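For chain P, the structure is supplied; the task is to place chains U, H and G on it using the hints.
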Amino acid sequence: MKNLMIAIVERKDFQSLFDALKKKGYQISGPTLRDNAVIYDNISSVEDLPVGWTDKQDAGRYRLEKSDRASLFGYVLGPQSWKKFLYPAEHTFLNISRNGKRFEVGSAEEEQQPQAFIGVRPCELQALAIYDRVLGEGEFAATSYQLRRKKLFITAVNCIQPGGTCFCASMKTGPKATGGFDLALTEMFDSGRHYFLTEAGTKLGEEVLKQIPNREAGEKDILAAEEALRKASEKMGRRLDIKDIKEMMYRRFDDPHWEEISQRCMTCGNCTMVCPTCFCVNVEDTTSLDGREAQRLRKWDSCFTVDFSYIHGGSIRATTTSRYRQWMMHKLSYWQDQFGMLGCVGCGRCITWCPVGIDITEEAAYFRKEDK
Amino acid sequence: MTTTKKPKLAVWKFASCDGCQLSLLDCEDELLAIAEAVHIANFPEASRAVEKGPYDVSLVEGSITTPHDAERIHKIRRISKYLITIGACATAGGIQALRNFKDVNDFISIVYAHPEYIETLNKSTPIADHVFVDFELRGCPINKYQLLEVVNALLNGRKPNIPPYSVCIECKRKGNVCVMVASGTPCLGPVTQAGCGALCPSYNRGCFGCFGPKETPNTVSLAAQFEKLDVTRDDIVRIFRGFNAFAEPFRKESEAYEK
Amino acid sequence: MATTVKNKKTAPLGTADAMHIRPFSIRRVVKESFDTFSLELDPLSGEKGHKFAPGQFNMLYVYGVGEVPISISGDPTRHKTLTHTTREVGTVTRAMRNLKVGDTLGVRGPFGSSWPVEDAVGNDVVIVAGGIGLAPLRPVIYYILAHREKYGKVVLLYGTRTPEDILFRKDLEKWRSRFDLETLLTVDRATGAWKGNVGVVTTLIGRAPFDPLNCVAMVCGPEIMMRFTVLELQKRGVEEDKTFISMERNMKCGIGLCGHCQLGPTFVCKEGPVYCYRDLKDVFIKREM
Amino acid sequence: MENLERILKEHPFLAGLDDKYIKLLVGCASNVAFKAGEYIFREGENANQFYFIRHGKVQVETYVPQQGPVIIRTRSEGEIFGWSWLVPPYKWHFDARAVEVTRALALDGKCLRDKCEEDHNLGYEIMKRFALIIAERLEQTRMQLLDVYGNHSKK
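Chains as they are written, first to last, in numbering that gives the first Met the number 0: chain P, 0 to 371; chain U, 0 to 258; chain H, 0 to 288; chain G, 0 to 154.
Next up, chain P with everything else stripped away, as it sits in the complex (with noise of 0.2 Å):
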């Protein structure tokens, strides 16, 4: 890794990435403004990226703000994750046909066009390594995030200017990217001068780098930028306290605080679906009006749903206590035991997006006092 190139790539040349993905034949997505937040979609320009914008984020709020200079990427984390291009919120993947007392069963799973990240922070490529674990390692693999996984291009972007609900620097995802990207950018304004400190951590995006204009990096540009991630470590808004806690976890399971924050909980599933790791899904049928032809589709799904545990008799997890608490467990103590890693990367979405602001790093330090 040590001998892939580090270069330094003008704010004025970075269009020349977007031109290099795209005569690769790559589906450039990335984040863009839309109703009032940065989310991710496609796009194929410099101008399409959020410029000049940043975010102010908080439990239960987030609210879009001019930044005083013109960064690309001055923003923290939208409500979207990657999960929405890689694992589809919706995806049909089997076509079944009746043919009398027959069906016939046709694959609905496609090759697909080869995507392009651009803006991929370091606790989303902390996520990306999980779903890998997750979906794309184990005895069997999700054919769809496979598909679509393999052809993936990213280039990372390195958080210099972290957000009120983030806390990778206590989950040790961020704010750096340190591996798992093609390239990764570190946005850097020095006396008037915008330029990206470009490194390399493929063969595939050295090759990239080398068709965009650029310079050597040196040493000083080198250390510059790790100031700046120094920096934004310190200013992390929130943290967890990560320190065996699966087993501390585990023991607060019939803690009667859980209790307390179901009174919060709506179970709306809303943290669910920004979580970047989250995965569940559920399979639906459906059929023509005439019988004729039938479908299975996978739809992302949440724990916070009464169905999601029901076998005959009724659901295993009746209550929004223990709904709750499953979703919570699941990220800090069980995924842990499934997958040998947490499944929380710090992004802090659950946080800012959950509508009445249940703050996960808040519930699991109560815990931990209550540990003692």
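If you're looking for bench data, these hints aren't it; they were derived computationally from the structure. Keep in mind that this is a model prediction, so the values were computed, not measured. Yeah, the Cβ is synthetic: ideal placement off N, Cα and C, and Gly gets one too. Hints may contain errors.
With a Cα cut of at most 30 Å, we get these calculated DSSO-like pairs of lysine-lysine [unchecked claim]: (1) H/K99 - U/K5; (2) P/K65 - U/K173; (3) H/K99 - U/K4; (4) P/K21 - U/K173; (5) P/K368 - H/K285; (6) G/K127 - G/K90; (7) H/K234 - P/K242; (8) P/K298 - U/K158; (9) U/K5 - P/K149; (10) U/K80 - P/K100; (11) H/K152 - G/K8; (12) P/K100 - H/K99; (13) P/K55 - P/K65; (14) G/K56 - H/K234; (15) U/K173 - P/K150; (16) P/K171 - P/K230; (17) P/K55 - P/K171; (18) H/K99 - U/K7.
Far from chain G, by Cβ distances over 10 Å, these chain H residues were calculated [stated by the list, open to error]: (19) Y141; (20) R147; (21) K152; (22) D278.
Covered stretches of chain P, going by a simulated chain H footprint (3 or more residues, C-beta under 8 Å) [stated by the list, open to error]: (23) 38 to 52; (24) 320 to 333.
This is chains U, H and G only, laid out in the frame that chain P set:
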């Protein structure tokens, strides 16, 4: 679906605006397929012809507001194998249930020149308060795709994909930005049942709760958040008192803020 | 017995995608009780038979209606025909019951872990089944009887709600007439004509002939029945790591991807449905986990 | 009598009981046999015995109008049944009937009650053992009440 006789379908109207029936007519592309799959025996918005029962499926629109209707619904139940209520009037009493919060006689004397001719019940109530209902299809109006889904599921003998969870789940699947978090707009989405395709939030407006309370709705928590967003107590009453005002969780919450 | 027999599964045949459904034809429908039935299936796609380990399940798909996980109840030593037994409890199983000989049923699997029939060699085996819980245990009995000389005493304790609910009557008759298999039946409630035992299945454990210190127990039934059964087995001295139970949770994919069947640290479709009690005891008693 | 003493002594129910008490018990014991279908006792009768089943099977039942006899529990070889002799008003609450030819040891409860009253140590030993039996019956009854195999589907 078997090739045996087509199931006989009837549509019935009680106190309502006919909007839900129109959703069925609105299924332009699918109407032919429906007509092929079922025999429409009674449908006041489409035809005056009425065929005698019994019916395999009855779709019932509207709420019970008069003593006559309270009797009529029992007759319909008796001649229907499946009875499906459609729309907020039929499932929760509808917008006309706003009168349930006041004395109906006051309204009658204000609205009608000859109140003595008006025979009405003092409450507008959902169909399920009067007879057994096989399936309730929510909405004001109902969503035509949901209606198709219920008919389709019934014809194919499967469980309809009509989830009782929140609007938020379909809103986020659609890729919408939360209007409450990003813009401070009060929204009933977190306590309202999905089904409309998150229509209002898709246009940057808060959810009006047309599909009524979702499973396990926590209106107390949502109302408390509305207060944090500087919504007045009066407005909180109004927000919960929409098309599903008389649905229990919404009714209780509005009453809590009325005091 | 150090470990649970985990994930002893055969790779799904036919296609690489485990979500792909393979059509099977219904060869025979057997009514087991008023609400329970067995389906015998033959593959349509040209595959030869359907290998599985006792305790594993398949996802069964009824065209246009949906899919449900159903344990395999047939003979694992003869896998030309695939047998499933299920109770009519929901839309899909109701539709399944209406299927006729020659109709098509979709199959995915086999999935999940299996009963430790091989690790139990040399031990006494006590099989405790409650209600429909006998279905996933029947392959164990078939397997053991096919290799009978390898085991010590073998005991089947079976409890149902009423005499009318007893499944696999023909099998039970055969098993009861064998000298190398002790079969004890009991029902929770009965009236006049019943001459057998009355009382919950746990009442059979105390007097069943097996050596608790040299015995593998396999238990399947409603969760609460399994809780009481494990307690009773422990009272007799059966070890935790030689006690196995089979769990049920909502399964939508059967391959650990949909998340629905989570039971705390495990996915029931992957690490389960069969668990060593020692591995599950901490979560088994947790409410709403 | 020696035979009876050995049987009682070896029964797990009386394990650890002092020999002198076993001798006392033998004084209250007698061999009984019932034909298949024969009632051992009927509801409402005086409860003056309890039984060690040596061979056969007994069913405890009650008569429910419109349903006929409902079997509550069966008892088999090696098991004990009957504890109404221990609690006032010493009446049987259920019927007991031999399902098949059944041989048992009957212990005279009244005789035993008097002996327990005289010697509270014996009384405690007996109570301790019957408490176990009663607790077990209660537990099993609760489990029966749960109707665990029923179809509880709400949907």
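Okay, the hints, checked on the actual structure:
1. Proximity of H/K99 to U/K5 is assessed by CA-CA distance (about 22 Å); at most 30 Å being required, the pair is judged to hold.
2. Among the hinted pairs, P/K65 with U/K173 is consistent with the structure: their alpha-carbon atoms are about 27 Å apart, no more than 30 Å.
3. As the CA atoms of H/K99 and U/K4 are separated by approximately 20 Å, the hinted pair is consistent with the 30 Å bound.
4. Straight-line distance between C-alpha atoms of P/K21 and U/K173 comes to about 27 Å, which keeps the hinted pair within the 30 Å bound.
5. Distance check on the hinted pair: P/K368 and H/K285 sit about 23 Å apart at the alpha-carbon level, within 30 Å; holds.
6. About 21 Å separates the Cα atoms of G/K127 and G/K90, which keeps this hinted pair within 30 Å; it holds.
7. Note on H/K234 and P/K242: the hinted pairing is violated, with a Cα-Cα distance of about 39 Å set against a maximum of 30 Å.
8. For the hint linking P/K298 to U/K158, the alpha-carbon distance of about 16 Å falls within 30 Å, and the restraint holds.
9. Restraint check for U/K5 and P/K149: the C-alpha separation of about 49 Å exceeds 30 Å, so the hint is violated.
10. Between U/K80 and P/K100 the alpha-carbon distance is near 28 Å, which keeps this suggested pair within the 30 Å criterion.
11. Among the hinted pairs, H/K152 with G/K8 is consistent with the structure: their alpha-carbon atoms are about 28 Å apart, no more than 30 Å.
12. A threshold of 30 Å between alpha carbons decides the hint, and for P/K100 with H/K99 the separation of about 10 Å falls inside it, so the pair holds.
13. Distance restraint check for P/K55 and P/K65: the Cα-Cα separation of roughly 10 Å lies within the 30 Å cut-off, and the hinted pair is therefore satisfied.
14. Our distance criterion of 30 Å between C-alpha atoms is met by G/K56 and H/K234, whose separation comes to about 24 Å.
15. As the CA atoms of U/K173 and P/K150 are separated by approximately 24 Å, the hinted pair is consistent with the 30 Å bound.
16. Taking the CA atoms of P/K171 and P/K230, the gap is about 15 Å. The hint holds against a cut of 30 Å.
17. A hinted pair counts as satisfied when its Cα atoms are at most 30 Å apart, and P/K55 with P/K171 qualifies at roughly 23 Å.
18. With a CA separation close to 26 Å, the supplied pair H/K99 and U/K7 stays within the 30 Å bound.
19. Every CB of chain G lies more than 10 Å from the CB of H/Y141, the least distance being 23 Å, so the non-interface label holds.
20. Chain G leaves H/R147 outside its interface by the beta-carbon criterion, the shortest separation being 26 Å against a cut-off of 10 Å.
21. Under the 10 Å C-beta cut-off, the non-interface status given to H/K152 relative to chain G holds; the minimum distance is some 17 Å.
22. No beta-carbon of chain G is positioned within 10 Å of the beta-carbon of H/D278; the least distance is around 23 Å.
23. Proximity of the stretch 38 to 52 of chain P to chain H, defined as three or more residues with a beta carbon under 8 Å from a beta carbon of that chain, is not established by the 0 residues found.
24. Proximity of the stretch 320 to 333 of chain P to chain H, defined as three or more residues with a beta carbon under 8 Å from a beta carbon of that chain, is established by the 8 residues found.
Hints 7, 9 and 23 from the list above are not met by this structure, while the remaining hints are.
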